[in-house]
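Q: Now for the letters of each chain:
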Amino acid sequence: MIQNKILEHLKQFDELTRLEGGQFGGILGRAGVGKTAFLIQLSLLKLLKNIKVLHLSLNEPINKVCLWYEEVFKRLVENIEKQGDTVDIEINQIWEKALSQRFIMTFKEDVFKIAVLEERLSDLFEQKIFSPDLIIADGFNFDDESIKDILSELKNFATKKNLSVWFTINIHRDEKPDECGIPKQLSIGYDMFDSGIMLWPNKNEISVKILDRENKKFETESKLYLNPTTFLILNR
Amino acid sequence: MKGDIKQIRNIGISAHIDAGKTTLTERILYFTKKIHAIHEIKGKDGAGATMDFMELEKERGITITSAATTCVWKEHEINIIDTPGHVDFTIEVERSLRVLDSAVLVLCAVGGVQSQSITVCSQMGRYKVPFVAFINKCDRSGANPFRVIEQLHKRLGYNTVAMQIPIGLENNFAGIIDLITMKALYFEGPNGEDIIEKDIPENLLKDAQNKRSELIEAVAMFSDELAEALFEEKITADILISAIRRATIKRQITPVFIGSAYKNKGVQSLLNGILNYLPCPSDVQNYAIDMDNGETEVVLASDASKPLVAFSFKLEDGPFGQLTFLRVYQGTMEKGGTIVNVRTGKKVRVGRAIRMHANQMEEINAIPAGYIGALFGIECMSGDTFVSPEINLSMTSMYVPKPVISLAIKPKDKKSEVNILKALNRFTKEDPTFKSYLDEETNETIISGMGELHLEVYVERMKREYNAEVIVGMPKVAYRETITRKANFNYTHKKQTGGAGQFAKVGGYIEPIKDVDFVFENKVVGGSIPTQYIPACEKSFQRCMEKGPLLDFPLTGIKITINDGASHAVDSSDMAFQAAARGAFLEGFSKAAPTILEPIMKVVVETPPEFQGSVMGSINQRRGIILGSQDEGAICVIESNVPLADMFGYSTVLRSLTQGKAQFTMEFSTYKEVPHSIKEELVKKAAEAKKGK
Numbered sequence: 611m612i613q614n615k616i617l618e619h620l621k622q623f624d625e626l627t628r629l630e631g632g633q634f635g636g637i638l639g640r641a642g643v644g645k646t647a648f649l650i651q652l653s654l655l656k657l658l659k660n661i662k663v664l665h666l667s668l669n670e671p672i673n674k675v676c677l678w679y680e681e682v683f684k685r686l687v688e689n690i691e692k693q694g695d696t697v698d699i700e701i702n703q704i705w706e707k708a709l710s711q712r713f714i715m716t717f718k719e720d721v722f723k724i725a726v727l728e729e730r731l732s733d734l735f736e737q738k739i740f741s742p743d744l745i746i747a748d749g750f751n752f753d754d755e756s757i758k759d760i761l762s763e764l765k766n767f768a769t770k771k772n773l774s775v776w777f778t779i780n781i782h783r784d785e786k787p788d789e790c791g792i793p794k795q796l797s798i799g800y801d802m803f804d805s806g807i808m809l810w811p812n813k814n815e816i817s818v819k820i821l822d823r824e825n826k827k828f829e830t831e832s833k834l835y836l837n838p839t840t841f842l843i844l845n846r
Numbered sequence: 032m033k034g035d036i037k038q039i040r041n042i043g044i045s046a047h048i049d050a051g052k053t054t055l056t057e058r059i060l061y062f063t064k065k066i067h068a069i070h071e072i073k074g075k076d077g078a079g080a081t082m083d084f085m086e087l088e089k090e091r092g093i094t095i096t097s098a099a100t101t102c103v104w105k106e107h108e109i110n111i112i113d114t115p116g117h118v119d120f121t122i123e124v125e126r127s128l129r130v131l132d133s134a135v136l137v138l139c140a141v142g143g144v145q146s147q148s149i150t151v152c153s154q155m156g157r158y159k160v161p162f163v164a165f166i167n168k169c170d171r172s173g174a175n176p177f178r179v180i181e182q183l184h185k186r187l188g189y190n191t192v193a194m195q196i197p198i199g200l201e202n203n204f205a206g207i208i209d210l211i212t213m214k215a216l217y218f219e220g221p222n223g224e225d226i227i228e229k230d231i232p233e234n235l236l237k238d239a240q241n242k243r244s245e246l247i248e249a250v251a252m253f254s255d256e257l258a259e260a261l262f263e264e265k266i267t268a269d270i271l272i273s274a275i276r277r278a279t280i281k282r283q284i285t286p287v288f289i290g291s292a293y294k295n296k297g298v299q300s301l302l303n304g305i306l307n308y309l310p311c312p313s314d315v316q317n318y319a320i321d322m323d324n325g326e327t328e329v330v331l332a333s334d335a336s337k338p339l340v341a342f343s344f345k346l347e348d349g350p351f352g353q354l355t356f357l358r359v360y361q362g363t364m365e366k367g368g369t370i371v372n373v374r375t376g377k378k379v380r381v382g383r384a385i386r387m388h389a390n391q392m393e394e395i396n397a398i399p400a401g402y403i404g405a406l407f408g409i410e411c412m413s414g415d416t417f418v419s420p421e422i423n424l425s426m427t428s429m430y431v432p433k434p435v436i437s438l439a440i441k442p443k444d445k446k447s448e449v450n451i452l453k454a455l456n457r458f459t460k461e462d463p464t465f466k467s468y469l470d471e472e473t474n475e476t477i478i479s480g481m482g483e484l485h486l487e488v489y490v491e492r493m494k495r496e497y498n499a500e501v502i503v504g505m506p507k508v509a510y511r512e513t514i515t516r517k518a519n520f521n522y523t524h525k526k527q528t529g530g531a532g533q534f535a536k537v538g539g540y541i542e543p544i545k546d547v548d549f550v551f552e553n554k555v556v557g558g559s560i561p562t563q564y565i566p567a568c569e570k571s572f573q574r575c576m577e578k579g580p581l582l583d584f585p586l587t588g589i590k591i592t593i594n595d596g597a598s599h600a601v602d603s604s605d606m607a608f609q610a611a612a613r614g615a616f617l618e619g620f621s622k623a624a625p626t627i628l629e630p631i632m633k634v635v636v637e638t639p640p641e642f643q644g645s646v647m648g649s650i651n652q653r654r655g656i657i658l659g660s661q662d663e664g665a666i667c668v669i670e671s672n673v674p675l676a677d678m679f680g681y682s683t684v685l686r687s688l689t690q691g692k693a694q695f696t697m698e699f700s701t702y703k704e705v706p707h708s709i710k711e712e713l714v715k716k717a718a719e720a721k722k723g724k
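Residue numbers (my numbering), protein chains in the order written: chain A, 611 to 846; chain B, 32 to 724.
Check each hint, because a few of them may be wrong.
As the list claims (entries may be wrong) - Computed list of lysine-lysine pairs in DSBU-like fashion (alpha-carbon distance at most 30 Å, straight line):
1) B:Lys265 / A:Lys684
2) A:Lys707 / B:Lys590
3) A:Lys765 / A:Lys786
If you're looking for bench data, these hints aren't it; they were derived computationally from the structure.
Produce the complete structure using the sequences and hints provided.
A: What follows is the structure, encoded as structure tokens:
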């Protein structure tokens, strides 16, 4: 089955990106390195495992987010060896199922407040429309000091609702990290993050470095890497 | 008609449903002495408001068509078009705003900015129409004009300036304070005809002064003269009025007036505001395209002596023939003159010219620049430009939104059949948002429009005006059939029992294909099927695509490849191979896991956030998949994919779920396989229909 093949292919990725309820994970990288593609693959993986995902995006319209998913899913499927007459039917079924587990919410950055998010989500809970297990958050501005308050509020909310959250965190080439090598954008709310992944361009691929939380370093290089052309996660 | 164009105002009255447009217009006509008695909408006297002249309008208490009239206030001629507030009749607003110079946006002091007020504002923006706002119903419980001013600013981004503040609200609404003259105005007499001016009550003086300061500071941003006067503390009423007028015409500010049309308060002040702050025809620049000069833009002059340029914006079929409403932008439309329809190139002689007052006509000899009038006996379409023969300018047409809802209709009896056609011909000509066509697949007459109310009104008008009664149903959904896997076929058509026989064999495979309806590929080698018979095979396969074997729905997404076959020297023919191809198709189709597809619509709902949950629930109930929601502060946009079969009647449901504050758009997205339960239901219905035949 195609679904099993995709899950098998992304098994290590799944282990790397596991979070408990109330925990935060950050995907760091410079602009254009592939954070969103990484995040979308993370989301698709969880969706295929029947985990309900709320995709939260600041400033991007729904259409654009949908296109990201379609494109990444298409590439994922192309990358898997397929056999049999019913492949297309199966792919459609997987896709439909994934869609039914996903909910996209987009906000304009200037009107976004956690209180508003809570209100919107409460509507969805109460009406039994959608109840996420995982939030993936794209487009938050970690350069602004006020992100700490947002993270703090979101942490309370996520803990209360037993939700885990993965963020994309944009870092800058010309900025020096702190003495531990942790980018400033993550340092701001470091204590709130339970997991971190750094995407780092490295010759012909994009390396995936894992945060050693205790020692505050991004050193361990995972066996996973990103193909710089397709931005698909691959295993060495 | 007034000689001085500066004393003309062409205005539209627009708003959300029930904000009070028609009542306001009735009061305007009364205070300008155009009418001598006030009639309420659906009033006890049964007469109905003047501008609602259609019987249906009087009965339902809604404005359906826009109506034009003219009145005189302080030696200024005001030409008014009162428009409907329902989104279903949006074309009336669209065409009116296209030809008017300015508008009065009426808002309810209780309801505030509502969905259709938002639509009307975007329509005014489209045609860059300057406007003033009138916050009506200040006598109602819950009235809060300051909240409405804030909404206009925050939700719609207008630079609102309060021109007045209320003296009391709700039951205690007694009058208004004019912030220009700094006087309190009370409206007394049996119908508020007598305006009594007094000093501002002590308890409101400070508020009035603050509001006046806000007004001056807001306007001074756009007026150097006022800014200087403010700095020198020498502000006069004339300087202030002049600055407000200039800024209003440039759409830099929106003056806001308040009152209660029903209680006859504030209308005269609004009339003064219309004269003071809204443009005359020569204040507004209008453009046309020079068709003889590479379609360059040309500014039209509101000059009655120049060559004619006029725009037809509304057609009405009446007992005396077609009435064409026009706005003259340049030159003069004279009775007996010759004009050219730019679209058709035909010359037309101007017959009778008239001016309208609701449904009454006044014959005139000419329509000069800056005026709206109507002509009899001109064949044209809405949006046509008429010019003098010596020029070739064209005006851009108005925006015509696409229909969002359809209904199937059929005549109740024989005599209605012919009349329906006549009615549909007329209505579709008059209203570009109302469409009708014969659905060849289902053989039904389909009418489509902007909403259920829109279609309901036309069905009723067919009955009343054409004696054509119809039975209304829902259109049949345009399902499709397809296959989901590849299957081989190898079919022999043989009839060789004696005499001239038939023989043909066709082999190959059928497989699904995306994004196209049908593809045929010939991979026959070695002449197993003679070349001359290949087109017959292809033709037969194509014919099979018209009606599917499952339920007679058209087929889609099928590729057929033939790679083998056999023929007979004598008995093979085009006909034989057509029959073989048909058999091959049926054989392959049945083995290819056929299924039924239904149209899926992309549905986008815009709603205030408080109704988000209900709206999403309603979409879920319709087998919809919610893609997501886009939060834009005051409005939440919900995008979803919903089967068309479950969308009928949704506009009514949405309206009631959201108090009329939400709106939705719907467009075709894709075809998708129907769920098993729906397939069974369709098979059952098809079987019943066949039994019936």
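Q: Now look at each hint and say whether the structure bears it out.
A: Hint check results:
A distance of roughly 71 Å separates the Cα atoms of Lys265 (chain B) and Lys684 (chain A); the hinted pair therefore is violated under the 30 Å criterion. Between Lys707 (chain A) and Lys590 (chain B) the CA atoms are separated by roughly 28 Å; this keeps the pair inside 30 Å, and the hint holds. With a C-alpha separation of about 27 Å, the suggested pairing of Lys765 (chain A) with Lys786 (chain A) holds against the 30 Å cut-off.
Of the numbered hints given earlier, the model fails hint 1 alone.
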